[in-house]
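> Residues per chain are reported as follows:
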Amino acid sequence: MKKFISVLVFGSLFGCAAITAPLVFDSSEYEHYLQIHQTAKFGKPSCTNPAAIRTIVIPTLTRNVDDLLVYTQFKTNTGLSYKMAGELNNMVVGMDKIYNYSANTTPSKIYCEAKLNDIQLGTARAMTAIGKEPQ
Amino acid sequence: MNVTDLVASSDPLIASTAKLAVSYKDSLDKKLMTQEEYDDLMDDLVDLKRIDGYALSIERQVLVQKAFDIIKAFAGLII
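Same order as they appear, the protein sequences are chains B and R. So the first sequence is numbered by numbering that gives the first Met the number 0: it starts at 0 and just counts up by one. So the second sequence is numbered by numbering that gives the first Met the number 0: it starts at 0 and just counts up by one.
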């Protein structure tokens with residue numbers, strides 16, 4: 000009877016959180032976010048050279064974000080990291096459109112730096128959250 | 000309430016997002032970026048807001064998980 004009451008109490012306190020897969024810190028997932036963050040960070044000096052952004056920075060970001068998307072897609076947790084990866088992908092796709100599919104052949108340095116800064120902010124926020132997952 | 004109030008918000012996400020929006024608009028007004036570039040950066044702010052929401056959910060789950068582990072251990076002693 001005590002066990003039954005305990006189950007009821009836990010159920011009311013925690014809802015479905017208690018029965019979903021527990022969150023555990025995943026260093027590979029963290030590493031994927033780090034790669035994106037560092038590519039954006041070290042890509043900023045290239046903002047004066049749109050050709051370098053087109054041929055090096057955007058392809059590297061695209062590959063890194065795709066790696067993260069595929070990695071998180073098949074994780075058996077809540078899917079929140081996959082959703083964060085999806086938002087980062089939107090940001091990189093937006094940059095690719097401006098540089099490669101727009102009439103604007105020389106995007107501004109200010110846009111480039113702001114975009115890479117946004118990507119850094121997004122990855123930093125994601126890393127802050129998944130860094131809190133228990134080891 | 001206007002955007003200046005949001006820049007002064009005590010909520011760090013609201014304040015930082017408002018600051019970015021103001022700086023993007025300023026760059027657009029000074030013609031330092033095109034309308035297309037501005038629109039794309041404003042879309043980023045929506046993406047960043049969503050990332051923050053997902054990150055908060057993860058942090059909340061971690062908190063609940065830790066609390067549950069503690070209470071489970073405590074209940075194990077009394078059952």
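Misleading hints may appear alongside valid ones.
As the list claims (entries may be wrong) - Straight-line C-alpha distance at most 20 Å; calculated SDA-like pairs for lysine to any residue:
id: 1; chain 1: B; residue 1: Lys108; chain 2: R; residue 2: Glu35
id: 2; chain 1: R; residue 1: Lys18; chain 2: R; residue 2: Gln34
id: 3; chain 1: R; residue 1: Lys71; chain 2: R; residue 2: Gln60
id: 4; chain 1: B; residue 1: Lys108; chain 2: R; residue 2: Val61
id: 5; chain 1: B; residue 1: Lys82; chain 2: R; residue 2: Lys30
To be verified - Computed, partial: chain R to chain B, Cβ under 7 Å:
id: 6; residue: Ser8
id: 7; residue: Phe73
id: 8; residue: Gly75
Just so you know, the hints here were simulated from the structure itself, not pulled from any lab data. Think of the CB as a built atom: it goes at the ideal place given N, C-alpha and C, for glycine as much as any other residue.
> Which numbered conditions among the earlier hints are violated in the structure presented, ordered from lowest to highest?
Failing hints, ascending: 4, 5, 6, 7 and 8.
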